[in-house]
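Chemist: Residue-level listing of the chains:
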Amino acid sequence: MNPTPLSAWIEGIGFLAPGLNDWPAARAVLRGEATYVAAPSLLPAPSILPAAERRRASRVVKLTLAIGLEAAAHAEADISQLATVFTASGADGHNCHALCAQLATDDRLISPTRFHNSVHNAAAGYWGIATKSMAPCQVLCAYDASFGAGLLDALGQVVIEAQPTLLIAYDSEYPEPLHSKRDTPDCAGVALLLTPQKTTRSQAQIVLRSTGEMAQKMADPDLESLRTAIPSLRVLPLLQMLAKGESGTVCLDYLAPLQLSIDLQLC
Amino acid sequence: MTPLLLSSYTATTCLGSGLEATLTGLRDKRSGLKPCVFETVTLETWIGEVAAVDAQKLPENLARFDCRNNRLVQLGLEADGFAERVREAIARYGKSRVGIFLGTSTAGILQTELAYRRCDPLTGALPDDFIYRTTHNSFSLAEFTREYFGLEGPALAVSTACSSSAKVFAAAARQLACGTIDAAIVGGVDTLCLTTLYGFASLQLTSPEPCRPYDVARNGISVGEGAAFALLERLPAQAPSGAVLLLGAGESSDAYHMSSPHPEGLGAQLAMAAALRSAGLPATAIDYINLHGTATSANDAAEGKAVVALFGDQVPCSSTKGATGHTLGAAGAVEAVICALALTNDLLPGSPNTATRDPAIPLDYQLISRSGKVRYALSNSFGFGGSNCSLVLGVAQ
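The listed protein sequences derive, respectively, from chains A and B. The first sequence lines up with residues 0 to 266 when you count with numbering that gives the first Met the number 0. The second sequence lines up with residues 0 to 396 when you count with numbering that gives the first Met the number 0.
No wet-lab data here; the hints were simulated from the structure. What you were told as hints is all true, and nothing was included just to trick you.
Okay, derived cross-link-like pairs now, DSBU-like style, lysine-lysine, Cα gap no bigger than 30 Å in a straight line:
id: 1; chain 1: A; residue 1: 216; chain 2: A; residue 2: 243
id: 2; chain 1: B; residue 1: 94; chain 2: A; residue 2: 216
id: 3; chain 1: B; residue 1: 94; chain 2: B; residue 2: 56
id: 4; chain 1: A; residue 1: 180; chain 2: B; residue 2: 56
id: 5; chain 1: B; residue 1: 372; chain 2: B; residue 2: 28
id: 6; chain 1: B; residue 1: 56; chain 2: B; residue 2: 33
Given the structure is predicted, the values throughout are model-derived calculations rather than measurements.
Construct the complete structure from the given sequences, taking the supplied hints into account.
Modeler: Below, the structure written as structure tokens:
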């Protein structure tokens, strides 16, 4: 059969990474207008949550609310109606460590809150509670290939279900001793609000096809190390083109030998 | 959605490995549950354990994937000749045109739980033989499956707790519709571990007895494990009579609570309505509903309200978790396969252990398995975080 082009319009972008607190900050660095300065990721307190929940919110919940809400605000989208695709290389590493450490002792009566926060879709669950969105919510994992997997499913929803879809790709760190086995350095993520039709808010169109080419690298060594150390930041070459206002084709890492070639046309 | 063919399917649970054992168990109203004797767990509860999982030997070149969860993946893939059907599909379409979409809640977390007991007493380091990527990570079962078949196409894991392996059908259907792939291995695998057993116990959701879905005296779940798979392909011009079809899928969110369902089952209603819409069928067309039916007080009450609101009290329905236990991230795929068996064997499965229907839930709830024509079946799967998915399956006439 003739494949349906996997395409969408980007209406909003959210971003957070070590030393890059939001999309405007990242955009300035990607355009070469500001110098990258390494710093721990700064996770804002999620004002959308009630005070009690806000204090208890884990790092992945703060991260996903920050980038998801930034992308939605950018696009002036109604968050209570948005379908979402969350994709992450792992769940809440600190919570996972606490559970495994306690289950290795004689006192195995773990906290029920820790248990329900252990699910891979915990951040997605809190997103639903915070935004009151009852729309479909996908939660994926593909280890280092998680960004590509999320983009494929999000584009599938945009194309087949013809609905705006918010892709939230994110990762977080494990504490020791798991950190030595999986060394993701810090929290980071990107959110893209993808729509099936062009609107006045559209910034660019993306069309995706599979390829066997090598992924594009970042010229700046600091940004390249972010791209390779944090799976969701495999998106950086695409974001650099968006930031610079350049149309063209870019190849992103997915799941070897399968890579993603993306045609980006600025509006 | 465009209907898809389940060209092969299989399930392995505590009822046994493969379709014949599953069908016989369902017909005979057998429960595979037994008192919990697993690892060092000391909980007064019942479990649905798959026999001989740890007798599985992974191929030498895939030894890094070795853990209970991937052993069950292999056991499940090799039942009913499923792996052979997959290899034939790969020969037809090519190794980059068959995608992998697998659901799990905890993957091989048991491996990490065990490794934490062997941390170096001086440095606290995990043992050298522990490999996070290929055992613990949620993607490990999909990566194992990809390497097991030598595939080079797209692969992902869906991890939305207990709806995971229902949602894989929807995700695979989208990629088949877009033409990025020509066939999809969909399914779910979850295995017993301390996190889920002690976790559900901490929420006071494990029953000290075999679980009794929709019983007036239900008092919690029996944690199970399972592996179920289906090979999804586009429908040929003339679908063979008796072939099982995926007709619709519906997804929604509760947006209510992390571990309790919406009390009126609003999210569940949205998912079922979306699945019917996706299938282009009215509620009256459905002949059997395989309920999520975990046997917790809250789940069955909320799901019951949602089903009554959409279907009234006339559609035969049951939860089969009294037979299989709650296989968590594998439940969606296990129960889709049970629906396939219902469709192809004119079987309305009953509900082992359930003795007295809850009078507060007016459903045509099947206590005993019986014969009955099933042309269209709906299967419900709901998970923590308020994640809901319903599937509609049918049989080609």
